[in-house]
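The listed protein sequences derive, respectively, from chains A and B.
Position 202 of the first sequence, counted from 1, bears residue number 202 in the numbering used here, the numbering being contiguous throughout.
Position 84 of the second sequence, counted from 1, bears residue number 84 in the numbering used here, the numbering being contiguous throughout.
Hints are computed from structural coordinates only; laboratory data are not their basis.
Treat the hints with care, as some may be off.
Taking lysine to any residue pairs in the SDA-like style, the calculated list, with each CA pair at most 20 Å apart, reads [as the list claims (entries may be wrong)]:
no., chain 1, residue 1, chain 2, residue 2
1, B, K302, A, L126
2, B, K87, B, D208
3, B, K302, A, D117
4, B, K115, B, P95
5, B, K156, B, S186
6, B, K156, B, A190
7, B, K302, A, Q71
8, B, K302, A, A82
9, B, K302, A, D153
10, A, K38, A, K86
11, B, K302, A, A160
12, B, K302, A, D224
13, B, K302, A, R150
14, A, K86, A, Y104
15, B, K302, A, D66
16, B, K302, A, E14
17, A, K86, A, E14
18, B, K264, B, E86
19, B, K264, B, E305
20, A, K86, A, Y57
21, B, K302, A, E221
22, B, K302, A, Y104
23, A, K86, B, K87
24, B, K302, A, L78
25, A, K38, A, A82
26, B, K168, B, S186
27, A, K86, A, L126
28, B, K115, B, M128
29, A, K86, B, E86
These numbers were taken from a predicted model, which means no experiment stands behind them.
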Amino acid sequence: MPREDYQQQLADLEDDVLYMSEVVLERFRMGLDALERKDADLAREVIEGDHEINELYLDLEQDCIDLFALQQPVAGDLRFIAASFKIITDLERIGDLATNLGEYALEAERDVFPDVDIQSIGDETLDMVEDAMAAYAAQEPEDCFEIAERDDDIDAHCEAASETVVRDLIETELDEREGIDEDDIETFMTEVSRLLLTIRDLERVGDHAVNIAARTLYMVENDDALIY
Amino acid sequence: MNNQIGDTDTETDTNVSTDSGTDSGLGATAGVETSTTTTAGESEEQVRDEWTDYRFDGPSKLTVENLDVWYGDDHALKDVSMEIPEKSVTALIGPSGCGKSTYLRCLNRMNDRIKAARIDGSVELDGMEIYDPNTNLVELRKRIGMVFQSPNPFPKSIRDNISYGPRKHGEINKGLLARLFGNDDSEKEAELVERSLRQAALWDEVQDRLDDNALGLSGGQQQRLCIARCLAVDPEVILMDEPASALDPIATSKIEDLVTELAKDYTVVIVTHNMQQAARISDQTAVFLTGGELVEYDDTDKIFENPESQRVEDYITGKFG
């Protein structure tokens, strides 16, 4: 096949994007673990590792720009590079959200709301990203629709979790805590808002997974159904 | 020997030799490695009618139906049907020997000049059959002008290059007789020369030396002069066969800008080997493959972003063969 060097560069780009996704998913897994175990060392490792993801992201971005400029890709090649260019942005954002998890883990002192299952929502979103990347690697359009549908579940779980927190706050917690001092209320409020932020971050990871699926669908089928 | 656009009898060797240097399709199909096998492993891809059934708004300028061309036993163009929209740029791309130049030449009956060529089918200009035996070829080629790969100005002054065609067509009277009878059109000529050179974006560069020999111009200027010469007879369609392939990038970009500008008033059909050029300047693109087959014809962005044919995809991404 002609243009062998170019074909190799395309193959390398795909490998690199998949590698980046592995790194990001691992960091996110670590962030969830750090949060569950209140493991400060692990949390710091996630936070400090973010610059690696950023560097990977910038390198891959440059690779895409070089391919656009030097090879003038068209048709399937064009869609592959354009989709990859967008997908690495989503991966980089997921990396940032993993860092957030690390920071929450450092700050969190105890579980104020054991009813809210952060870990299971986190696992679900992680699965979605993994599946979206698998669809990208396998160029599998059907899976993209399925991933997009799963996001509704994530959204519902996140909404339910937020509601639990707020309802709990209104109905019971404050009654029981009457007579506690200002400092305790302050700490409690910080815990609550941190938990709400965590839920929102997980919900966003789901959105990024849908973005990846949407770009993959565009890449494979030139179908923008999931983009809008 | 003359060299005149739009004049059957006076086309020169310059043109003919230029032609055979490109992919005129003259025996070119033999030995060209085009295959119906795709990289996706399909052993034989069948062209589907909907791939070439291009729909567009607005009137069509040229309507080609079931056009076949043979050079001797060589079937150079196979059953091509295509409608070309008015006032737009249509690019014809494809590997050497695919028949795109043959096709272009059929649009103003340039293939009539090749004795071994046999043409079957219909080409209509504004609904009028150009292959009608009563067609006036001089008139036809005035309406459908042509620009070739290598600039081929007459070895005359810049001014004469422009005014030659209109004078030949009797639109400008000049010379001793005209002066004697008081219908000298010198002013009209000056206007026409300026207007044509301006349209071809050459006026600023040559206005001070209109009487210099055109062969003293650079290649890019010569090519724009040929375009100006083509415009001087007021055509409706301009056929361009690789007009920028012999030019440097700056001259090329001037030609490309010019093509875009011309499409506001004229219907431009351009053959190019440079796919990026086709992508940059054309509104719709027709891809010819495998010895004379029109495989896909659609909006240019559709062809370059999401072609239907795997063979077209293989060709434009460079995986051909």
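Here is what the structure says about each hint:
no.	hint	in the structure
1	B:K302 with A:L126	violated (36 Å)
2	B:K87 with B:D208	violated (32 Å)
3	B:K302 with A:D117	violated (47 Å)
4	B:K115 with B:P95	violated (25 Å)
5	B:K156 with B:S186	holds (17 Å)
6	B:K156 with B:A190	holds (16 Å)
7	B:K302 with A:Q71	holds (19 Å)
8	B:K302 with A:A82	holds (16 Å)
9	B:K302 with A:D153	violated (36 Å)
10	A:K38 with A:K86	violated (33 Å)
11	B:K302 with A:A160	violated (44 Å)
12	B:K302 with A:D224	holds (14 Å)
13	B:K302 with A:R150	violated (32 Å)
14	A:K86 with A:Y104	violated (28 Å)
15	B:K302 with A:D66	violated (23 Å)
16	B:K302 with A:E14	violated (24 Å)
17	A:K86 with A:E14	holds (13 Å)
18	B:K264 with B:E86	holds (9 Å)
19	B:K264 with B:E305	violated (25 Å)
20	A:K86 with A:Y57	holds (11 Å)
21	B:K302 with A:E221	holds (13 Å)
22	B:K302 with A:Y104	violated (48 Å)
23	A:K86 with B:K87	violated (37 Å)
24	B:K302 with A:L78	holds (12 Å)
25	A:K38 with A:A82	violated (39 Å)
26	B:K168 with B:S186	holds (15 Å)
27	A:K86 with A:L126	holds (19 Å)
28	B:K115 with B:M128	violated (24 Å)
29	A:K86 with B:E86	violated (38 Å)
Consistency note: the structure conflicts with the earlier hints numbered 1, 2, 3, 4, 9, 10, 11, 13, 14, 15, 16, 19, 22, 23, 25, 28 and 29.
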